[in-house]
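Visitor: This is what each chain is made of:
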Amino acid sequence: MSPYDPGDVVEVIRAPAAGPVAGAYRVFGETLRGLKTTFARVVEGPVTIQYPEEKTPVYPRFRGRHKLHKFEDTGLEKCVGCSLCAAACPADCIRVVAAENTPENRVSAGERYAAVYEINLSRCIFCGYCEIACPFDAITMGHDYELSDYTRSDLIFTKEMLLEVAVERTPLRMEGE
Amino acid sequence: MIALANVAFYEPWWVQIIKAIVIFGVIFAVLPIIIVYERKLLGRFQGRYGPNRVGPYGLMQPLAEIVKFAVKEPFRPTTSVASLFRIAPMIGIVTAVASLAIIPFGDVQHIFGQEVGLYGIDVSIGVLYVFALSGISFYGIMLGGWASGSKYSFLGAMRGAAQLISYEVSQGLSLVGVLITAGTLSLTGIVHAQAGMWYFIPQIVGFLIFMTASFAETNRAPFDLVEADAELVGGYFTEYGGTAFVAYLFAEYTNMIVVAGIATTVFLGGWLMPFGIHPPGWVDPFVVLAKMFLVITFFIWVRATLPRLRYDQLMSFGWKILLPLATLNLLVTAIIVVG
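From first to last, the protein sequence lines stand for chains E and X. Quick note: the first sequence, position 165, residue 1051 per the numbering used here, numbers continuous. Quick note: the second sequence, position 242, residue 256 per the numbering used here, numbers continuous.
Do not rely on the hints blindly, as some may be mistaken.
Pulled from the structure, derived: some chain E residues nowhere near chain X, Cβ distances all over 12 Å [unchecked claim]:
1. 986
2. 1014
3. 1043
Calculated pairs, DSS-like style, for lysine-lysine (alpha carbon to alpha carbon, straight line, at most 27 Å) [stated by the list, open to error]:
4. E/964 with E/1045
5. E/956 with E/1045
6. E/964 with E/953
7. E/941 with X/86
8. E/1045 with E/953
9. E/922 with X/54
These aren't lab readings, by the way, just hints derived from the structure by calculation. Backbone N, C-alpha and C define an ideal beta-carbon position, used for all residues, glycine too.
Modelling step: build the complete structure from the supplied sequences, incorporating the hints.
Guide: Now the structure itself:
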């Protein structure tokens, strides 16, 4: 029969069965090897990271909760309400409503500013497309991932919440660590 | 007065009651420690911490578990047989605890002018008592599985009972080698006969067979397909909840303690210390407990290491390999000792 059609009876060629001595050596030898392996784990120590006392250090490019930025010197917001981030977002979770900058109320550095800027963090997939899309470096992904809350409406982060300086609760991974 | 069993000597009835309470109390206090010790050691073998949140280093974990099980609703399936369903865990735990009576924790001591043997009783039939009680403990499993009224519990109970009786034969035969060498069935006699060399050295094959059969007897890995915590729900104790489940759990761990005690007494020299050190009498129970602790650590070590045996592999191993080996061991021992 050809290899593609082995027919009804297939003859399987096995290795010769181990004799009593080889069988006994295999049983005890392999068991002892297994015991040595598990004992080596005890000596190595556990690899668990005890959250929340210890936290895994995050890489600098880790995509956590978003942050809106201001210019350091003038204190004006960088976001001009162009809503390119809302257009780029695959989950459609950013809502931007722009308003004109008036001479009395100058919020951002351009002509318009974002009057309403909300991100629905229960829908956000933390892909970072908004950060890539923003031409003014106004929105970046920070390192915060501890975002649990009690109600869904509390998870819609407004501009004020995104603007404020975040408490850094997650350790940053140093170079060469 | 009917002589029911030949005892080495008689203590007054109040001493026996006190001894029973003390042994029972000590073992029942050690049991939660063994439970949390197993969980933590298993965790260390698997590269993780065990439970470490409940108390300091997780030592209050068994308390939390007992409270959790105690406040659960005691339910019973409607297709079950009520009386047998309730009695089955009791049989398991009674036979397991009753087997503790003959483990000798020390020699005959003089306490407050009264001769007290540091064991429950020292009958001349010794080891046979344990086998008789483990034979009765099958009822706990069989009744638990059958009276649950569920087909899968019944199947699990059948397989469990078959596994137990298969390995009990090898366990008994491996001990007969020691009995021939010691010349006596009573456990204190066996410990005294090991004063020269502990029996696990000349009877190394018997020791290995006894340990292997004990894994099967106590339903521990790698022979734990009856419970198989990660795969089945629980075999014969699937339908049990709350305090009945705790009873089965305690029966299993007490069986492990009993088997460790028998192994310590028969193979590891009981309360004798190596290098001919003779400590004062009150140290003996601690020596026995330390040795039992080592045996139980070995049980946990093997549980963390070996994969589970399939049922047909288990049965063929018990009957085709272990039993001939035990018989061969017995034959060689008999020829050497008697011939």
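Visitor: Are any of the numbered hints broken by this structure? If so, which, sorted upward?
Guide: The structure breaks only hint 7.
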